[in-house]
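Q: One-letter residues, chain by chain:
2 protein chains.
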Amino acid sequence: MSSITVYEVGPRDGLQNEARPVSTAAKIAFVDALSAAGLPVIEVTAFVSPKWVPQMADAADVCEGIQRRPGTRYTALVPNLIGLDRALAARITEISVFAAASEPFSRQNINQSIDDSLALYREVVRNALAAGLRARGYLSVAFGCPFQGDVPIEQVLRVTRALLEMGVYEVAISDTIGIAHPGQVRRVLSALTGAIPPDQLALHFHDTRGTALANVLASLDFGIRTFDASAGGLGGCPYAPGATGNLATEDLLYLLHGLGHETGVSIDAVRAASVGMEAHVGHPVASRYVRATASRRSP
Amino acid sequence: MSSITVYEVGPRDGLQNEARPVSTAAKIAFVDALSAAGLPVIEVTAFVSPKWVPQMADAADVCEGIQRRPGTRYTALVPNLIGLDRALAARITEISVFAAASEPFSRQNINQSIDDSLALYREVVRNALAAGLRARGYLSVAFGCPFQGDVPIEQVLRVTRALLEMGVYEVAISDTIGIAHPGQVRRVLSALTGAIPPDQLALHFHDTRGTALANVLASLDFGIRTFDASAGGLGGCPYAPGATGNLATEDLLYLLHGLGHETGVSIDAVRAASVGMEAHVGHPVASRYVRATASRRSP
Numbered sequence: 001m002s003s004i005t006v007y008e009v010g011p012r013d014g015l016q017n018e019a020r021p022v023s024t025a026a027k028i029a030f031v032d033a034l035s036a037a038g039l040p041v042i043e044v045t046a047f048v049s050p051k052w053v054p055q056m057a058d059a060a061d062v063c064e065g066i067q068r069r070p071g072t073r074y075t076a077l078v079p080n081l082i083g084l085d086r087a088l089a090a091r092i093t094e095i096s097v098f099a100a101a102s103e104p105f106s107r108q109n110i111n112q113s114i115d116d117s118l119a120l121y122r123e124v125v126r127n128a129l130a131a132g133l134r135a136r137g138y139l140s141v142a143f144g145c146p147f148q149g150d151v152p153i154e155q156v157l158r159v160t161r162a163l164l165e166m167g168v169y170e171v172a173i174s175d176t177i178g179i180a181h182p183g184q185v186r187r188v189l190s191a192l193t194g195a196i197p198p199d200q201l202a203l204h205f206h207d208t209r210g211t212a213l214a215n216v217l218a219s220l221d222f223g224i225r226t227f228d229a230s231a232g233g234l235g236g237c238p239y240a241p242g243a244t245g246n247l248a249t250e251d252l253l254y255l256l257h258g259l260g261h262e263t264g265v266s267i268d269a270v271r272a273a274s275v276g277m278e279a280h281v282g283h284p285v286a287s288r289y290v291r292a293t294a295s296r297r298s299p
Numbered sequence: 001m002s003s004i005t006v007y008e009v010g011p012r013d014g015l016q017n018e019a020r021p022v023s024t025a026a027k028i029a030f031v032d033a034l035s036a037a038g039l040p041v042i043e044v045t046a047f048v049s050p051k052w053v054p055q056m057a058d059a060a061d062v063c064e065g066i067q068r069r070p071g072t073r074y075t076a077l078v079p080n081l082i083g084l085d086r087a088l089a090a091r092i093t094e095i096s097v098f099a100a101a102s103e104p105f106s107r108q109n110i111n112q113s114i115d116d117s118l119a120l121y122r123e124v125v126r127n128a129l130a131a132g133l134r135a136r137g138y139l140s141v142a143f144g145c146p147f148q149g150d151v152p153i154e155q156v157l158r159v160t161r162a163l164l165e166m167g168v169y170e171v172a173i174s175d176t177i178g179i180a181h182p183g184q185v186r187r188v189l190s191a192l193t194g195a196i197p198p199d200q201l202a203l204h205f206h207d208t209r210g211t212a213l214a215n216v217l218a219s220l221d222f223g224i225r226t227f228d229a230s231a232g233g234l235g236g237c238p239y240a241p242g243a244t245g246n247l248a249t250e251d252l253l254y255l256l257h258g259l260g261h262e263t264g265v266s267i268d269a270v271r272a273a274s275v276g277m278e279a280h281v282g283h284p285v286a287s288r289y290v291r292a293t294a295s296r297r298s299p
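Going down the list, the sequences are from chains A and B.
If you're matching positions, the first sequence starts at 1 in the working numbering and goes up one per residue.
If you're matching positions, the second sequence starts at 1 in the working numbering and goes up one per residue.
It is worth saying that the hints were derived from the structure and are not from the lab.
Using N, Cα and C, we set each Cβ at its ideal position, and we do this for glycine too.
There could be a bad hint or two in this list.
[Stated by the list, open to error] Partial pick of chain B residues on the chain A-facing surface, computed with a CB cut under 7 Å:
#1 Y169
#2 G183
#3 R209
#4 T211
#5 Y254
#6 L259
#7 G282
#8 P284
#9 R288
[What the hints assert, rightly or not] Quick look at which bits of chain A chain B covers, simulated, 3 or more residues with Cβ under 8 Å:
#10 180-189
#11 199-211
#12 216-225
#13 247-255
#14 258-270
#15 286-293
Sequences are here, hints too, so could you generate the full structure?
A: Listed below in C-alpha cells is the structure:
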C-alpha cells in the first residue's frame with residue numbers, strides 16, 4: 001500500500017469556522033501538537049483582512065510562536081499581494097490561494113469574478129515562486145454550489161487547469177458544502193484525471209452528509225494520494241445546524257491506516273491535540289472516531 | 001446499475017436501543033410511514049421476553065395495528081420457540097434469529113454458547129419454514145467483539161454457514177460495535193464470498209466511527225446487494241456517549257441513489273418518518289443527511 005499525504009487544515013479552515021474566537025496561545029499549542037503528531041503539512045493560518053476574518057487577525061503572531069519541526073511544511077492561505085508580503089515576513093514557505101468553480105460563489109465569497117481572481121492569483125503565485133515559496137490552489141464548490149446548484153465539470157476543469165498553469169503544485173478539489181457522494185466523485189475524477197496527473201490533485205471533503213470517507217475510498221481508485229482534513233473535525237460543530245462538517249483528521253486516518261496506507265501520523269496524538277481544543281472552542285469535537293473512543297460503551 | 005434491497009431495522013433495532021420508551025401508537029405510525037416510503041422489508045419488532053427488553057413488550061399490538069402494504073415484507077426478531085408462536089399469532093411472515101461470531105459476546109448477549117444458540121435456532125427455523133415463513137440470520141460482532149477484540153474469520157465463516165445450513169435465506173454480517181473499516185470489510189468479504197454466494201449475505205453496519213458508507217461502498221464491489229439501515233439512524237443518539245450508531249437509512253439511500261442504484265424507496269418520505277419520531281425519542285435523529293438538509297446554512 002502506498003503512502004498518503006494528510007494535509008491538515010484544522011488551524012486555518014477549522015478555527016476560521018468556529019463561532020468562538022480562540023486565543024493565540026491556544027492556536028500555537030494546537031499547531032505544535034499537530035506537528036508532534038507527525039502531520040507532514042499544516043495550514044497554520046490565513047493572511048487575510050482582519051476586517052473580513054477576525055479569527056485570523058493574529059496570523060503573524062501564530063507563525064512567530066510555533067515550533068517548526070523539520071520535515072513538516074507550514075502553509076498559510078494568502079488572498080492577495082499584501083497577504084503574500086505578510087506571509088513572507090512570517091517566514092511561511094508555502095502559500096495557498098482560493099478560487100471557486102462557480103461564478104456566483106466566487107462573487108459572494110471573495111467579491112471577484114473567477115477570471116479576476118485568477119488574474120490576481122497569477123501575480124501572487126508568480127511572486128511567491130520568485131521568492132522561493134511553493135504554492136497550492138483550492139478549488140471550492142467543485143461538487144455543487146449553494147447559489148447555482150450543479151457545477152459543470154468543464155468549469156471545474158477550466159479553473160483547475162488555470163491554477164496549475166500559474167504554477168501551483170496541486171489543486172485541492174473541494175466539496176465546500178459537503179454534498180458530494182461517490183457516484184459524483186467518480187464522474188468528476190474520471191474527467192479530471194483524464195486531463196491532469198492525479199499527483200497534481202488533492203481532495204478536500206466535508207462530512208456534512210456522512211459521505212466523506214466513502215468519497216476518499218472512491219478517490220483512492222483514481223490515484224489520488226493527498227487528502228485534506230481538520231483535526232477533530234474542527235470547523236463544524238456536531239450540535240449546531242449549519243455545521244460546515246470538515247472531514248476529521250482522525251476519521252481519515254482510521255480509514256487510511258485500516259486500508260494499510262502509511263501516513264506517518266499518530267492518530268492518538270492527533271486526537272489528543274483535538275481534545276485539547278474542546279475547552280477553547282466550547283464544544284466536543286465532531287470526529288466520529290474521537291467520540292467513539294471517548295465514550296465508555298456497553299455492547 | 002443494479003437494484004439494492006434496503007432492510008429497514010429502525011422500528012426494532014433502532015427503537016430497542018433508544019433510552020425513552022415509545023408508545024405503541026407512535027410505533028405503528030412509524031412503521032406505516034416507512035411502508036409508504038417504499039421500503040421493501042421492515043423489521044417491525046422483536047418477540048422477546050418483556051423482562052429483558054421492555055421496549056418490545058407491545059410486539060403483538062404493533063403487528064396488530066400496522067397497515068400491511070402489498071409488496072412489503074414485515075419481519076420480527078424471534079429468539080426461541082415461544083417467540084415464534086407469538087410471531088405466528090401476530091401474522092408475521094418472516095422471522096430473524098440472532099447469533100454471534102464470538103463466544104463471550106454470545107454468552108453475554110443471549111446467555112448461551114454459540115453452539116447452544118445454533119441448536120435452538122435450528123429448531124426455530126425448522127418450525128418457521130414448516131409454517132411457511134421465511135427466516136433470516138444475524139451474525140453479530142463479525143468485525144470485532146467488545147469482549148474478545150479480534151474475531152477470527154474462520155469463526156465468522158463457521159457460524160454463517162451453520163445459519164445457512166439450517167435454512168435461513170440470508171445472513172446479515174453485522175458490525176455490532178461500529179469498528180469495521182473498508183480494509184477489514186474487504187478481508188472479511190473476500191473470505192466469505194469465496195465460500196458463500198453474495199446473494200445469501202447482507203451487511204449491517206453501524207456508523208460509530210463514520211465508516212459505514214465507505215464500508216457499503218467496499219461491499220458493493222463484492223456483489224453484496226442487501227444492506228440494513230435504521231431510519232434516521234435511530235438507536236444511536238448523536239448527543240450521547242455510547243450511541244450505538246446505526247447507519248441511517250437516509251444516508252444509505254443518498255449513497256446508493258448517487259451511485260445510480262435503484263431501491264424503490266423515497267428518501268424524502270423516510271426523512272419525514274424519522275423526523276416524526278424526534279418528539280417520541282426526545283432528541284434529533286442522528287442521520288447526517290437529515291441534519292444537513294434540516295439546517296438552513298450559509299456557505
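Q: Each hint: holds or not?
A: Evaluated hints:
no.: 1; hint: Y169; in the structure: violated (27 Å)
no.: 2; hint: G183; in the structure: holds (4 Å)
no.: 3; hint: R209; in the structure: holds (5 Å)
no.: 4; hint: T211; in the structure: holds (6 Å)
no.: 5; hint: Y254; in the structure: holds (6 Å)
no.: 6; hint: L259; in the structure: holds (4 Å)
no.: 7; hint: G282; in the structure: violated (15 Å)
no.: 8; hint: P284; in the structure: violated (9 Å)
no.: 9; hint: R288; in the structure: holds (3 Å)
no.: 10; hint: 180-189; in the structure: holds (count 4)
no.: 11; hint: 199-211; in the structure: holds (count 5)
no.: 12; hint: 216-225; in the structure: holds (count 3)
no.: 13; hint: 247-255; in the structure: holds (count 4)
no.: 14; hint: 258-270; in the structure: holds (count 3)
no.: 15; hint: 286-293; in the structure: holds (count 5)
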